[in-house]
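*Asks:* Next come the chains, spelled out residue by residue.
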Amino acid sequence: MRYSGWQVLAQGITGNRGWRPAWRDPAPKEAYDIVIIGGGGHGLSTAHYLAKEHGLTNVAVLEKGYLGGGSVGRNTTIVRANYLLEGNSQFYSHSLRLWEGLEADLNYNVMHSQRGLINLFHSDGQRDAFVRRGNMMINQGDDAILLDREGCRKLLPYLDYEQTRFPIYGGLYHPRGGTARHDAVAWGYARAADRRGVDLIQNCEVTGIDIAGGRVTGVQTTRGAIRAKKVAIVVAGRSSQVAAMAGLRLPIESHVLQAFVTEGLKPVINHVISYGMGHFYISQSDKGGLVFGGDLDFYASYAARGNLPMAEHVAEAGMTLMPMIGRARMLRSWGGIMDMSPDGSPIIDKAPVEGLYLNCGWCYGGFKAVPGSGNCFAHLIATDRPHKAASAFRLDRFETGRGLMDEEGTGSQHNLH
Amino acid sequence: MLIPCPVCGPRDSREFTCKGHAVTLARPQADAPPEAWDAYLHLRDNPAGPTRELWHHNAGCTAWLVVERNTVTHAVTGARLAGEVAAR
Chain A
1 MRYSGWQVLA QGITGNRGWR PAWRDPAPKE AYDIVIIGGG GHGLSTAHYL
51 AKEHGLTNVA VLEKGYLGGG SVGRNTTIVR ANYLLEGNSQ FYSHSLRLWE
101 GLEADLNYNV MHSQRGLINL FHSDGQRDAF VRRGNMMINQ GDDAILLDRE
151 GCRKLLPYLD YEQTRFPIYG GLYHPRGGTA RHDAVAWGYA RAADRRGVDL
201 IQNCEVTGID IAGGRVTGVQ TTRGAIRAKK VAIVVAGRSS QVAAMAGLRL
251 PIESHVLQAF VTEGLKPVIN HVISYGMGHF YISQSDKGGL VFGGDLDFYA
301 SYAARGNLPM AEHVAEAGMT LMPMIGRARM LRSWGGIMDM SPDGSPIIDK
351 APVEGLYLNC GWCYGGFKAV PGSGNCFAHL IATDRPHKAA SAFRLDRFET
401 GRGLMDEEGT GSQHNLH
Chain B
1 MLIPCPVCGP RDSREFTCKG HAVTLARPQA DAPPEAWDAY LHLRDNPAGP
51 TRELWHHNAG CTAWLVVERN TVTHAVTGAR LAGEVAAR
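As they're listed, the protein sequences go chains A and B.
When the letters of the first sequence are read in order and numbered with my numbering, they come out as residues 1 to 417.
When the letters of the second sequence are read in order and numbered with my numbering, they come out as residues 1 to 88.
Take the hints with a grain of salt, since some may be wrong.
Said to hold, decoys possible - Derived, one-sided and incomplete: chain A residues facing chain B with beta-carbon distance under 10 angstroms:
1. 251
2. 300
3. 309
4. 407
5. 408
6. 410
7. 413
None of these hints come from the bench; they were simulated from the model.
Even for Gly, the Cβ is constructed at its ideal location relative to N, Cα and C.
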């Protein structure tokens with residue numbers, strides 16, 4: 001069924017009895033051309049673009065839980081293309097352009113809202129760094145506007161400009177940045193892939209990867225063995241465990257990143273804002289909750305929840321920047337499992353086993369990358385050549401030292417990002 | 001999390017900085033092949049379950065500890081001085 005305003009009306013006046021499940025629930029077949037391990041945002045978008053752009057529909061997505069139950073449902077939903085480095089810049093630009101056509105492409109409302117993103121700066125040095133970043137964004141074809149203090153005050157009158165320990169010098173404004181409804185992104189890609197014939201198989205955990213003569217031949221799962229010519233691993237925080245099934249050791253450490261949401265409030269924060277002197281960024285969901293987060297807890301974790309020191313730091317930073325949020329009651333907090341790479345940039349590459357493909361290392365930036373990652377990963381799987389927007393995301397850059405993308409300028413070893 | 005520092009006793013985790021997996025105690029020799037250095041610097045088992053990590057008690061006694069911890073439950077099961085672990 002194609003979704004439209006007309007359908008909503010027609011279903012509404014006939015008692016909503018005509019709606020059907022958005023995707024099938026097929027049993028796994030014995031063999032596929034391509035098996036994608038991981039039914040999160042990146043896996044589902046990979047399946048969609050394999051079917052749509054490469055005509056490959058003999059494809060299964062295997063998900064150990066339910067679709068979209070991992071990190072795509074545990075993030076702060078921010079979409080942006082404000083990266084600095086060659087390699088990252090063109091990739092996120094590519095991804096943002098896909099976001100802008102996504103709802104028409106998927107026939108699904110992902111509530112993509114380009115409400116604008118503002119990165120605040122608090123010193124001359126930080127301003128210089130943001131000027132450089134803004135110029136890189138403009139050169140890439142994206143949008144960036146440097147706001148001075150008064151420009152910020154016009155857009156964000158509720159920040160503390162007077163009493164604060166770290167005066168606001170201005171902000172880098174990225175009008176095309178914004179948010180999207182995270183679950184809807186997974187559901188939209190799932191439905192679109194399913195409609196083109198991809199099998200989405202839930203409650204199907206991969207327990208082994210079959211390799212014969214240096215070539216992948218299929219996977220073992222809790223729902224039986226499945227043969228496959230090509231196998232793609234796109235499992236975010238569980239990358240190390242699944243790759244170990246193929247005998248690989250990855251340059252990945254899984255960490256926890258916490259996020260928080262308040263009770264629903266009337267519209268008050270119209271943009272996405274990040275603080276430049278503490279780990280704090282915030283937006284308001286369409287439901288009214290203030291959604292905010294900070295930095296990693298900085299220890300390895302698969303718990304999908306964090307500890308109180310970072311919660312305290314985030315709350316302190318938020319209160320410093322916008323004291324008004326002290327009146328809001330926090331409803332819940334959660335943690336996502338972040339597959340941290342040494343240089344803070346992702347990996348989309350062939351694995352050193354024939355027919356095996358890797359997509360991991362998204363650190364804490366995976367959500368905005370969902371369309372671009374799936375698009376580029378599908379290109380790699382279908383053609384065995386990297387997509388030009390993702391050609392820098394090589395697995396061997398750590399081993400060789402060539403092409404490291406240390407976006408934050410902190411180094412290229414674990415625990416620095 | 002409370003980290004049981006062998007010198008100071010159980011202390012709040014915010015007194016510590018986690019350096020990462022204790023694989024970093026086994027530093028390759030200067031003439032080791034590049035693969036050994038890649039493994040040391042970048043590649044990780046990244047276990048979901050018990051792990052051994054280096055933690056620095058930087059706001060306490062400044063000792064380096066090898067902490068045994070579970071990455072799924074966050075339970076801390078032990079800590080020893082890194083110097084004693086490395087010497088064995």
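*Asks:* Each hint needs a verdict: does it hold in this structure or not?
*Replies:* Hints and how they fare:
1. 251: Status holds, d = 4 angstroms.
2. 300: Hint on residue 300 (chain A): holds, closest Cβ of chain B at ~5 angstroms, below 10 angstroms.
3. 309: Holds - the Cβ of residue 309 (chain A) comes within 10 angstroms of chain B, reaching about 4 angstroms at its closest.
4. 407: For residue 407 (chain A), the interface hint is violated, since the closest Cβ of chain B sits about 17 angstroms away, which is over 10 angstroms.
5. 408: For residue 408 (chain A), the interface hint is violated, since the closest Cβ of chain B sits about 17 angstroms away, which is over 10 angstroms.
6. 410: This interface hint is violated because 14 angstroms lies over the 10 angstroms limit.
7. 413: holds, 6 angstroms
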